[in-house]
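Student: Given next are the chains, with one letter for each unit.
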Amino acid sequence: MTGSRAGEGPGLLVARGLQKSFGDVTVFDALDLQVAAGQTLALLGPSGCGKSTLLRVLAGFEPFDAGTVTLDGRPVEGPSPERGMVAQAGTLFPWLTVRENVGFGPRDRGTHDVDRMVADLLAMTGLADFADALPRHLSGGMRQRASLAQVLANQPPVLLLDEPFGALDAQTRLRMHGWVRGVLAERPTSTVLVTHDVDEALLLGDRLGLLSPRPCRVVSERELPFGADRGRDTLSEPDFVSLKATVLDEVMTA
Amino acid sequence: MRASTGRSDDEAQSELTDDAAAQLAAVSGVITHPATARSGRRRRRRLLGLVAPLVLLAGWQMAWSLDWRPKTILPSPHQVLSAADAFFFGHNSVTLSGIVPYKGAAWLHISASLERCITTWVLAVVVGLVLGLGLGLSRWVADVLEPMTNALRAVPLFAWLPLAAVQFGIGEPPARTLIFIGALWPVVVATTDSVARVPRAYVETARMLGTPRARLWRRVYLPSALPEIITGLRLSLTLAWTCVIVGELLGVTRGIGAMMIAAREAGATEQIIVGVILFALIGYAGDRLLRMLARPLVRWSDA
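Chains A and B supply the protein sequences, listed in that same order.
So for the first sequence, the working numbering puts the first residue at 1; every next one is plus one.
So for the second sequence, the working numbering puts the first residue at 1001; every next one is plus one.
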């Protein structure tokens, strides 16, 4: 299933020879990374290795010292609605209702028919009943779904997820995994998911990359063999269990 | 465990209903029991707030009855009450301009003071917001203007009074100048500080969602800073109201302050006290009103 989705349409995200340091600390030197159109690349790495910085660079929030980042051949410069990013804290503006939050991007970009699109997204995220609620009235899981809806409203070819479910409890996180898989199947989006949760990486990724400690590099990359219908039960399948053990070994020794 | 096919959708669905059940109550606020308890507590707190004024009133009455102060200097609460009665409901017979009337002149003076305060305050708020946004958002504007505004802010408010009087003579212009200066700084300071402290994540998110740079102030900075700005507006209104009395020292004939000055010259102490009470009540009501009007705008930040 990996191949069927990948490679079509826009969304080829490539980083080559990326270098960045904060003062004396080299976060990455010569980092290479490639995400095929519509593919999900899950990146696992030890904390403090520069995962978040990497995503912030890809999002255009953070300048880098050398190298190139391109989307479909065009260089990435600054933040853009083409590259939507959701981090652990979510993206919602606390002073706007869920509806206003989800419509924020399309409205500012002058998109037509914002209301209908927002209604569709609210239905997809199961937030229709909470359209007029403020973010602080939502549960953690609902907030993250609303954040994703807000970012997806721009129909970005690239989605950057920085531990988006890190603040959620285990059950909610598991439900979110199922939901995100559904959303990404419906709207193929090149996705970079950064996490330190091995289950999450294996459940959501089409490919899995392991990051080394600083300076951060993608040290090994593999296709993930699991099908499109991964769910909670996948967690107990023998293939999954043995791959998880292998990956954990690699992470611990990296 | 059943077959894994199709599980993920079911699970997403089940979370929705769980969440919905748990959260709908919170959103619609259908919690009845604590509400009644809360209203009882609020009533008790209101009653407690009346204790201090009543003690003050009793002390005043006692001071008058026991002649702690000469009766010409300290009128009784009852005398003040009848002065207030005449002030509000008496027949106004003074028609000469230049003479400050009391009888039946309450609305004349109150409306003059309110108009002076509110129009000048609104002007100060507009100027203060523009100045504050500029100082808070633009490095360049801050570099050019901040040293000067900080220095001017350090001038004690009433030190402007002699200068305003020399420049504008007496009457409306110096009064309004003083109110304007007094009302301006709290707005400038609150706006500058709060806008400069807007979390960078909000700005990044808006940029990522496609908000043009030129619209950021309206879409992110202003709404995010609004709770603090409104605190500044309240302080500003209080200061404007304070400046009204001082401004009205400068030769205006209509206004609560003007009425009090005239009352002092006429030795009508009870009339002065009527003015003090009016200032207190109107100032308090104004602040409450502003807070009430602003509440829907800042509900999102309520603790």
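FYI, nobody ran anything at the bench for these hints, they're computed from the structure.
Possibly wrong hints are sitting among the right ones.
Claimed, not checked - Selected chain B positions facing chain A (Cβ under 7 Å, derived; list incomplete):
id	residue
1	A1142
2	E1204
3	M1208
4	L1209
5	T1211
6	R1213
7	G1251
8	T1253
9	W1300
To be verified - For each label pair, taking beta carbons as the anchor points, the in silico distance ranges come out as:
id	chain 1	residue 1	chain 2	residue 2	range
10	B	V1126	A	A185	49 to 59 Å
11	B	R1200	A	A123	30 to 40 Å
12	B	R1200	A	A167	52 to 62 Å
13	B	R1200	A	M252	32 to 42 Å
Unchecked claim - One side of the interface only, derived from the structure: several residues of chain B facing chain A at Cβ under 8 Å:
id	residue
14	S1076
15	P1077
16	R1197
17	A1201
18	Y1202
19	R1207
Note that this is a predicted model, so its numbers are computed, not measured.
Glycine included, each C-beta is placed from N, C-alpha and C at the ideal position.
Student: Please go over all the hints and tell whether each is borne out by the structure.
Tutor: Do the hints match the structure? See the list:
| no. | hint | result |
| --- | --- | --- |
| 1 | A1142 | violated (23 Å) |
| 2 | E1204 | holds (5 Å) |
| 3 | M1208 | holds (4 Å) |
| 4 | L1209 | holds (4 Å) |
| 5 | T1211 | holds (4 Å) |
| 6 | R1213 | violated (10 Å) |
| 7 | G1251 | violated (46 Å) |
| 8 | T1253 | violated (46 Å) |
| 9 | W1300 | holds (4 Å) |
| 10 | V1126(B) x A185(A): 49 to 59 Å | holds (52 Å) |
| 11 | R1200(B) x A123(A): 30 to 40 Å | holds (32 Å) |
| 12 | R1200(B) x A167(A): 52 to 62 Å | violated (19 Å) |
| 13 | R1200(B) x M252(A): 32 to 42 Å | holds (35 Å) |
| 14 | S1076 | violated (52 Å) |
| 15 | P1077 | violated (47 Å) |
| 16 | R1197 | violated (15 Å) |
| 17 | A1201 | holds (7 Å) |
| 18 | Y1202 | holds (6 Å) |
| 19 | R1207 | holds (4 Å) |
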